[in-house]
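> Given these sequences and hints, build the entire structure.
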Amino acid sequence: MKLVLAIAAGGALGAVARHQVSATVMRLAGAGFPWGTVAVNVLGSFLMGALIELMALRLNVGLEMRAFLTVGFLGAFTTFSTFSLDFVTLFERDAGVAAIGYAALSVILAIGALFAGLAVTRLLLT
185 MKLVLAIAAG
195 GALGAVARHQ
205 VSATVMRLAG
215 AGFPWGTVAV
225 NVLGSFLMGA
235 LIELMALRLN
245 VGLEMRAFLT
255 VGFLGAFTTF
265 STFSLDFVTL
275 FERDAGVAAI
285 GYAALSVILA
295 IGALFAGLAV
305 TRLLLT
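The letter at position 29 of the sequence shown is residue 213 when you use this note's numbering, and the numbering goes up by one with no holes.
Since the hints were derived computationally from the structure, they do not count as laboratory data.
Certain hints may be false.
With beta-carbon atoms standing in for the labels, derived distance ranges [what the hints assert, rightly or not]: (1) M185 x A303: 33 to 39 Å; (2) V291 x A199: 21 to 27 Å; (3) L241 x E276: 43 to 49 Å; (4) I295 x L189: 26 to 32 Å; (5) V245 x G280: 43 to 49 Å; (6) R211 x A240: 35 to 41 Å; (7) L197 x L243: 16 to 22 Å; (8) G280 x Q204: 17 to 23 Å; (9) R277 x L309: 23 to 29 Å.
In this text the structure is predicted, and so the values were computed from the model without any measurement.
Every residue gets a Cβ at the ideal spot worked out from N, C-alpha and C, and that includes glycine.
Below you can see the structure in the form of structure tokens.
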């Protein structure tokens, strides 16, 4: 039960953080393209890489804290469902090229950010 509560608490905080970051990015960048979703997914991927490597190399955290941070917080902070909705919305607005660009940009940047998080953490800690 402690594990479920840890995930739920992390998820609640991650969802609120996602809303705040996404809203701020959209306010700054404008609402014509889903930059808020790109930002949270790329940032969340970087943080996932950094946290996983940090926990592997230095932090001895229990299962509940690991689940709170990764499954809970970062799972709720990043969003595949909003990414999918943004893609379909662009596509249905006759912006097919933008939709494909959005999908490619999101996947490439998010995976690259996870690799970067791993690499930066390794560089700093080894």
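> Go through the numbered hints given earlier and state which of them the structure violates, listing their numbers in rising order.
8, 9
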